[in-house]
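Asker: Chain residues, written in single-letter form:
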Amino acid sequence: MGNLLNVLHIGQTGTEAAQFGVRNTGQNIANVNTPGYHRRVVVQEQANISPTSAQKLGDGVRVVGAKRVIDLALDRRARDAQSESLASQTRAEILSRANVIFGDVVGEGLSPIFDDLLASFDELAASPQDHVARREVLAATELFASETRRYGTELSEVRTSVDAQLSVEIDHLNSIVEEIAEANRLIMEEIKPAVDLLDRRDRLLDELAEKVATRVVPRDDGSVDVHIEESGYTLVAGTFSAGLELEKFPEGMRVVGYGFGGARRDLTNVIHGGKIGGLLIARDEDLGVLENNFDDFTFEVVSELNRIHSSGYGKDGSTGRNLFKELVQKSGSARLVAIDEAMVDNPEGVAAAQEQVLAEGGNGNALLLAAFRHKRGVNDTAPADALQGILQDFGDRVYQSEVNAVSRADAAVQLVELQQSFSGVSLDEELTNLIRYQQAYAAAAQVMVTADQLMQELLTIKR
Amino acid sequence: MISVQEAPKETAVMHFLASLEDEIVVLNDLAQAAAEARVVPPDGTTPNGLHRVLERQAELCFSLEGMRAKRETLLNSNGHSGRDLLVVVLGVLPKEDHPGVVDVFRRYIDAAELTQREIDINQEFFSVALSSLEDTIQEVVCTVSSGDTYNSKGSNSSESVALCVSTVT
Numbered sequence: 001m002g003n004l005l006n007v008l009h010i011g012q013t014g015t016e017a018a019q020f021g022v023r024n025t026g027q028n029i030a031n032v033n034t035p036g037y038h039r040r041v042v043v044q045e046q047a048n049i050s051p052t053s054a055q056k057l058g059d060g061v062r063v064v065g066a067k068r069v070i071d072l073a074l075d076r077r078a079r080d081a082q083s084e085s086l087a088s089q090t091r092a093e094i095l096s097r098a099n100v101i102f103g104d105v106v107g108e109g110l111s112p113i114f115d116d117l118l119a120s121f122d123e124l125a126a127s128p129q130d131h132v133a134r135r136e137v138l139a140a141t142e143l144f145a146s147e148t149r150r151y152g153t154e155l156s157e158v159r160t161s162v163d164a165q166l167s168v169e170i171d172h173l174n175s176i177v178e179e180i181a182e183a184n185r186l187i188m189e190e191i192k193p194a195v196d197l198l199d200r201r202d203r204l205l206d207e208l209a210e211k212v213a214t215r216v217v218p219r220d221d222g223s224v225d226v227h228i229e230e231s232g233y234t235l236v237a238g239t240f241s242a243g244l245e246l247e248k249f250p251e252g253m254r255v256v257g258y259g260f261g262g263a264r265r266d267l268t269n270v271i272h273g274g275k276i277g278g279l280l281i282a283r284d285e286d287l288g289v290l291e292n293n294f295d296d297f298t299f300e301v302v303s304e305l306n307r308i309h310s311s312g313y314g315k316d317g318s319t320g321r322n323l324f325k326e327l328v329q330k331s332g333s334a335r336l337v338a339i340d341e342a343m344v345d346n347p348e349g350v351a352a353a354q355e356q357v358l359a360e361g362g363n364g365n366a367l368l369l370a371a372f373r374h375k376r377g378v379n380d381t382a383p384a385d386a387l388q389g390i391l392q393d394f395g396d397r398v399y400q401s402e403v404n405a406v407s408r409a410d411a412a413v414q415l416v417e418l419q420q421s422f423s424g425v426s427l428d429e430e431l432t433n434l435i436r437y438q439q440a441y442a443a444a445a446q447v448m449v450t451a452d453q454l455m456q457e458l459l460t461i462k463r
Numbered sequence: 001m002i003s004v005q006e007a008p009k010e011t012a013v014m015h016f017l018a019s020l021e022d023e024i025v026v027l028n029d030l031a032q033a034a035a036e037a038r039v040v041p042p043d044g045t046t047p048n049g050l051h052r053v054l055e056r057q058a059e060l061c062f063s064l065e066g067m068r069a070k071r072e073t074l075l076n077s078n079g080h081s082g083r084d085l086l087v088v089v090l091g092v093l094p095k096e097d098h099p100g101v102v103d104v105f106r107r108y109i110d111a112a113e114l115t116q117r118e119i120d121i122n123q124e125f126f127s128v129a130l131s132s133l134e135d136t137i138q139e140v141v142c143t144v145s146s147g148d149t150y151n152s153k154g155s156n157s158s159e160s161v162a163l164c165v166s167t168v169t
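Taken in order, these protein sequences are the chains called A and B. So the first sequence is numbered by this note's numbering: it starts at 1 and just counts up by one. So the second sequence is numbered by this note's numbering: it starts at 1 and just counts up by one.
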């Protein structure tokens, strides 16, 4: 009886092993499209088989478990590439949004409006007594001011929307780091962590890398520490997590972390990669530069034209009047620029004359206003060229960001494909495995039938 | 153990016993190969995979069948049935040799029963494995036949389904 039970046990262990293998292949196939799933192979070993003792033959087979097919270096490269790709993609999306506002096409946009303003000074210099020419100056000034204000305001709104996006992404990042810490805890509790749990943590690490570039450092206890790449800031240390926050500073919203010690650290300039990295680059480097340049340009144009205008005389004999409302600081100039209230509907107040006695028909000041066209200002360029340069620089950034996004995406796809070819599930391969198993098992079953018939005959010797 | 050169008049009997000793070796090899069949990879791509083990078992079965046929032919030519081997041998040899003869037979039966046991296990093992494998293939066919599954490289799985279905049938 004991022998029979032993036989049944051996058969059972073997059958379980075979079923485990088939189930594993089935699971691989079922997860062919699951992001972050690593193909698994069955690890089994012979149980207590001694080739020298016939009596001990066939004690069975033992399944050690399923092992993930994983190349950590390749996984890290793929994760980094995805992080950089998302940063580039996010940056390109934001710039593309701003480009809708600033996209200058020939004959449209701010450049021709600025040209019209400068041309109106030429007309005024040619016909200082002409009422229409004076009205043209005011109309061109008002249009330039309102369009500049619109551009400045919309640009500021894009930057504000980036802050809102940052807030959402940081909240998401914080929930991910908490989940990673929890996964670490579960993994540390198990002597031999389930592959599902390891896959889950890897997926979380992938999701985290989609927010910021990270460096993952495995510990001996099975947990991982996660740092923000190149910053040294620790997001996860074993079972503890320290997320990020978006805080208001005088210069704007900043990304800060309090770490495990509670000391505030401004990480805005060190974060790169992932959506948060992309948003910060777009906000601070691209839109920030554009906004500063645009403010500088506006401030310089307004200040210089006000200086010239206020030194001349209007047809009504007035002097000391600004053409534009005075700006007190460069920052925010584009959003605040407006025609001076005293000049609204006041063509007689346009200061074309350089001297009071010539207030009625003089054009000395109008010539100075017209000469502003050639004044070398920021970067030693004429004002119209300076505006063109700002728009051109932004256009270059938009183009560069698009090209960068495409090339980063290509690189990421290639690395993910490489990683998938190693760790991912190939449906064809798994199905081929199943069919190969099927053929092998069918052949084995047939051999056993033949062997059984032979053994029946051999054992007749016993009867 | 009985020596096959013990007495000229008993040469035929000694030959039978020597043949049994050879069969015991082959039976043990067969038992070992049968046990091995359950733990080797069934993929057929590795040098020591299941196909190789199955071939080995087929060769051993072929050898055993040859030995058995030869033994029975000899017994039949002397007017005995194949089942009468022990009776014939004990009838020819003197009594003092009987314990040795019984020992050979006992070892032969032990080896044959051990082999039979391994084969019984394998019959159940491969029958269940084959059955669950075919269930899995069927499930896979149903899963991937939904038409919108793609592998990680972007290719559609429909070609694989067709391959699977045609092979199952």
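Hints were generated in silico from the structure; no laboratory data involved. This structure is a prediction, so every number in the text was calculated from the model and none was measured. Just so you know, even glycine gets a beta-carbon here, dropped at the ideal spot from N, CA and C. Among these hints, one or two may not hold up.
What the hints assert, rightly or not - Label pairs and their calculated CB-CB ranges:
#	chain 1	residue 1	chain 2	residue 2	range
1	B	Ser127	A	Glu189	38 to 46 Å
2	B	Asn76	A	Ala30	21 to 29 Å
3	A	Arg68	B	Ser63	37 to 45 Å
4	B	Gly91	A	Gln453	26 to 34 Å
5	B	Phe62	A	Glu189	53 to 61 Å
6	B	Arg52	A	Gly238	44 to 52 Å
7	A	Gln453	B	Asn76	34 to 42 Å
8	B	Phe62	A	Ala30	37 to 45 Å
To be verified - Using 27 Å as the maximum straight-line C-alpha spacing, the simulated DSS-like pairs for lysine-lysine come out as follows:
#	chain 1	residue 1	chain 2	residue 2
9	A	Lys375	A	Lys325
10	A	Lys375	B	Lys95
11	B	Lys70	A	Lys462
To be verified - Listed next, the stretches of chain B that the computed footprint assigns to chain A, with coverage defined by at least 3 CB atoms under 8 Å from CB atoms of chain A:
#	region
12	53-67
13	118-129
Asker: Of the numbered hints stated earlier in the document, which are not met by this structure?
Answerer: Hints 2, 7 and 10 not satisfied by this model.
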